[in-house]
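K.L.:
As you go down the protein sequences, you meet chains A and B in turn. Every position in the first sequence, counted from 1, becomes a number in our numbering once 32 is added. Every position in the second sequence, counted from 1, becomes a number in our numbering once 450 is added.
Check each hint, because a few of them may be wrong.
Straight-line C-alpha distance at most 27 angstroms; calculated DSS-like pairs for lysine-lysine [as the list claims (entries may be wrong)]:
{"hint": "1", "chain 1": "A", "residue 1": "Lys41", "chain 2": "B", "residue 2": "Lys561"}
{"hint": "2", "chain 1": "B", "residue 1": "Lys558", "chain 2": "A", "residue 2": "Lys41"}
{"hint": "3", "chain 1": "A", "residue 1": "Lys89", "chain 2": "A", "residue 2": "Lys41"}
{"hint": "4", "chain 1": "B", "residue 1": "Lys558", "chain 2": "B", "residue 2": "Lys508"}
{"hint": "5", "chain 1": "B", "residue 1": "Lys521", "chain 2": "B", "residue 2": "Lys565"}
{"hint": "6", "chain 1": "A", "residue 1": "Lys89", "chain 2": "B", "residue 2": "Lys558"}
{"hint": "7", "chain 1": "B", "residue 1": "Lys499", "chain 2": "A", "residue 2": "Lys89"}
{"hint": "8", "chain 1": "B", "residue 1": "Lys558", "chain 2": "B", "residue 2": "Lys521"}
{"hint": "9", "chain 1": "B", "residue 1": "Lys521", "chain 2": "B", "residue 2": "Lys508"}
{"hint": "10", "chain 1": "B", "residue 1": "Lys499", "chain 2": "B", "residue 2": "Lys558"}
{"hint": "11", "chain 1": "B", "residue 1": "Lys511", "chain 2": "B", "residue 2": "Lys565"}
{"hint": "12", "chain 1": "B", "residue 1": "Lys499", "chain 2": "B", "residue 2": "Lys519"}
Among the chain A residues that face chain B by a calculated CB cut under 10 angstroms, a handful are [said to hold, decoys possible]:
{"hint": "13", "residue": "Asn83"}
{"hint": "14", "residue": "Arg87"}
{"hint": "15", "residue": "Ser137"}
From the derived model, a few chain A residues whose C-beta atoms are all more than 10 angstroms from chain B [to be verified]:
{"hint": "16", "residue": "Arg50"}
{"hint": "17", "residue": "Arg58"}
{"hint": "18", "residue": "Leu75"}
{"hint": "19", "residue": "Phe101"}
{"hint": "20", "residue": "Gly132"}
Bear in mind the hints are in silico, worked out from the structure with no lab data behind them. For each residue, glycine too, the CB sits at the ideal point set by N, CA and C.
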Amino acid sequence: DSGVTQTPKHLITATGQRVTLRCSPRSGDLSVYWYQQSLDQGLQFLIQYYNGEERAKGNILERFSAQQFPDLHSELNLSSLELGDSALYFCASSPHQEFGYTFGSGTRLTVV
Amino acid sequence: AQSVSQHNHHVILSEAASLELGCNYSYGGTVNLFWYVQYPGQHLQLLLKYFSGDPLVKGIKGFEAEFIKSKFSFNLRKPSVQWSDTAEYFCAVTVNYGGSQGNLIFGKGTKLSVKP
Chain A
33 DSGVTQTPKH
43 LITATGQRVT
53 LRCSPRSGDL
63 SVYWYQQSLD
73 QGLQFLIQYY
83 NGEERAKGNI
93 LERFSAQQFP
103 DLHSELNLSS
113 LELGDSALYF
123 CASSPHQEFG
133 YTFGSGTRLT
143 VV
Chain B
451 AQSVSQHNHH
461 VILSEAASLE
471 LGCNYSYGGT
481 VNLFWYVQYP
491 GQHLQLLLKY
501 FSGDPLVKGI
511 KGFEAEFIKS
521 KFSFNLRKPS
531 VQWSDTAEYF
541 CAVTVNYGGS
551 QGNLIFGKGT
561 KLSVKP
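Assemble the whole structure, with the sequences as input and the hints as a guide.
P.N.:
Structure representation (structure tokens):
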């Protein structure tokens, strides 16, 4: 157990639907990062939050959004889902000003 | 933009063979370098990291990596692989902006298959 908790582990949904992925960071970590892992694109950085505020954006589609709550957990919202959104979505956390991330086990999203 | 290149897509070795996985990055400033491993069906785990100091870094499970700044490289090595090392290995870099780090940028990964 890495200390970063992601739920659900697996999600199967239909095209056009909306889903929410949840991440609880390691205790004490203020930064949360979301990554998408797919066979063709590899590991792509989506977005980072630090202590509730958006810090950086990567290759995140407009149909996707995220937020970090006061208790530091984060949610990634994916809407108008397409088949190509099927992937593993990882959350990672890190303490402020410290290098290195701790990854969660991921949520495997399958869009059918 | 910063990028990370991993030279080998898939490496197949027999047990006890030596391993070297190549990694090059493109950025001229100060970087932090990482190797992560992903066992089948599992999350990414940190093998080792380089921030500063001795360019030869030792990690878990007998892995080591050498940072060669002039070559922008951070190759991963292990003298003798085991079947349990079968996994995907990712090289990653963050850019050091005066004490705070940028985002972790990953290479495409190298799949290692070790034959018993």
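K.L.:
Are the Cα positions of lysine 89 of chain A and lysine 558 of chain B separated by 27 angstroms at most?
P.N.:
Roughly 20 angstroms separates the two Cα atoms, so the pair holds.
K.L.:
Would you mind confirming whether the straight-line C-alpha gap from lysine 499 of chain B to lysine 89 of chain A stays at or under 27 angstroms?
P.N.:
Distance of about 24 angstroms is within 27 angstroms: holds.
K.L.:
Is the straight-line distance between the alpha-carbon of lysine 499 of chain B and that of lysine 558 of chain B 27 angstroms or less?
P.N.:
18 angstroms, holds
K.L.:
Is the Cβ of arginine 58 of chain A farther than 10 angstroms from every Cβ of chain B?
P.N.:
Its Cβ never comes within 10 angstroms of chain B, the nearest being 13 angstroms, so this holds.
K.L.:
Straight-line Cα separation of lysine 521 of chain B and lysine 565 of chain B no greater than 27 angstroms?
P.N.:
31 angstroms, violated
K.L.:
So if I understand the rule, the pair passes when the alpha-carbon distance is 27 angstroms or less; does lysine 558 of chain B with lysine 508 of chain B pass?
P.N.:
23 angstroms, holds
K.L.:
Checking one constraint from the list: CA of lysine 41 of chain A to CA of lysine 561 of chain B, max 27 angstroms. Satisfied?
P.N.:
23 angstroms, holds
K.L.:
Should the interface hint for asparagine 83 of chain A be scored as holding, given a Cβ-Cβ cut-off of 10 angstroms against chain B?
P.N.:
13 angstroms, violated
K.L.:
Is the straight-line distance between the alpha-carbon of lysine 558 of chain B and that of lysine 41 of chain A 27 angstroms or less?
P.N.:
Within the cut-off at roughly 23 angstroms; holds.
K.L.:
Have a go at the arginine 87 of chain A hint: is there a Cβ in chain B nearer than 10 angstroms to its own Cβ?
P.N.:
It holds, given that the least Cβ distance between arginine 87 of chain A and chain B is near 9 angstroms, below 10 angstroms.
K.L.:
Between lysine 511 of chain B and lysine 565 of chain B, is the straight-line Cα distance small enough, at 27 angstroms or below?
P.N.:
18 angstroms, holds
K.L.:
Taking the shortest Cβ-to-Cβ distance between phenylalanine 101 of chain A and chain B, state whether it exceeds 10 angstroms.
P.N.:
21 angstroms, holds
When held up to the earlier numbered hints, the structure conflicts with 5, 13, 18 and 20 and fits the remainder.
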